[in-house]
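Visitor: Sequence:
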Amino acid sequence: MKISTAIGAGAGLDPDRIARHVSDLESAGVDLVWGGEIYGYDLVSTLAFLAARTERVKLMTGILPVYSRSPALIAQTAMTLDTLSGGRFVLGLGTSGPQVIEGWHGVPFVKPLGRTRDVVEICRKVWSGDKVVHDGATVSLPLPAGTGTGLGKPLKLMCKPLRRDIPIAVAAIGPRNVELAAEIAQIWQPIHFLPEKFGEVWGDALAAGRSRRAAELGDLEIIAGGMVALGSGPAVDAARRSVRDNVGFYVGGMGARGRNFYNDLFKRYGYEAEAEKIQDLFLSGRRDEAFAAVPDDYVDRASLTGDEGRVRERIEVYRDVGVTWLDISVAPETENPLEVISKVKAWAE
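Position in the sequence shown (from 1) plus 746 gives the number in this note's numbering.
Hints are not guaranteed to be accurate.
Quick list of in silico lysine-lysine cross-link-like pairs, BS3-like style, CA-CA up to 25 Å [what the hints assert, rightly or not]:
| hint | residue 1 | residue 2 |
| --- | --- | --- |
| 1 | Lys-804 | Lys-748 |
| 2 | Lys-906 | Lys-871 |
| 3 | Lys-804 | Lys-906 |
| 4 | Lys-1089 | Lys-804 |
| 5 | Lys-871 | Lys-902 |
| 6 | Lys-1013 | Lys-748 |
The hints are simulated quantities; they were obtained by calculation from the structure and are not laboratory data.
Construct the complete structure from the given sequences, taking the supplied hints into account.
Guide: Shown next as structure tokens:
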């Protein structure tokens, strides 16, 4: 397995700090870094900056919402970042959710599966260098007769991309989304991944998607992992607290009641009562109680914490279910985080 890790660049952005941080990660052996984009700093500019400050590490959008830019602009953005980085870019896509897409971008959150397929297909058509013609569930290129001015015509790129096969990752947790990712993406990026539940929760969806997968895409790669802390003491406590806070926030508040994909996933894991309780507490303003309600059993399985023997055992569990990119975050209280990353990389290889 290769090693990936997230970089925090959406809410606060210190150029010198993040450049040093990613350079250190690269030196420690991290193979890929990724960041998210919600409603803070845009991710694309940050990755372009990092492309000029790094040499080896891959750079991924994790994720770029499929509604926030036109499909053609997403394709242009991806090929530009790929060129600036010397072929080190991975286009990570996802739907985000209606609260962000409609509340921030002012775009209807409709047909998310169709939109994802349209964006992926249009990107590959753009990169091919051929004239782009597309008639999809959410996008038609050019606009059909009777819409717009009627002056649109099929266009093709004015330049040659460095690569015409830029890897695409799709973030997905719902069964239909996961099925789509397994069909059309090179990489699947789930969140709140429990390897013990891999087959039970996602096996059928992955099998269905793989049955329609084009041979030229190769085997489906998977990015998944957890918070890392070795030994015992403050770092392990901080790691477990971070897992609780993150999961509690997503399960409790990332979506309205009845429209929270993360809450649905937690229920599919078998935590039905806990999911309801976390959401009730969070939506009533009792966040700390919501975070505390995340069960110990989940935290144990969703984190890479404890003595080195246990962490190595957990890494093998991820390997056994087919994870190809072990995605790690080192607990902030860790005294020598780069040393921990180097150890985990050696164990994962």
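Visitor: Keeping to a limit of 25 Å between CA atoms, is the pair of Lys-1089 and Lys-804 held or broken?
Guide: holds, 20 Å
Visitor: Given the hint that Lys-804 pairs with Lys-748, test it: the Cα-Cα distance must not exceed 25 Å.
Guide: holds, 11 Å
Visitor: Mind checking the alpha carbons of Lys-906 and Lys-871 for me, to see if they're no more than 25 Å apart?
Guide: holds, 13 Å
Visitor: Just to be careful, I want the Cα atoms of Lys-1013 and Lys-748 compared with a cutoff of 25 Å; is the pair within it?
Guide: Judged against 25 Å, a Cα distance of about 30 Å means the pair is violated.
Visitor: Run the distance test for Lys-804 versus Lys-906: straight-line Cα separation, threshold 25 Å.
Guide: holds, 21 Å
Visitor: Given the proposed pairing of Lys-871 with Lys-902, does the C-alpha separation stay at or below 25 Å?
Guide: holds, 9 Å
Violated hints amount to a single one, hint 6; each of the other numbered hints is respected by the structure.
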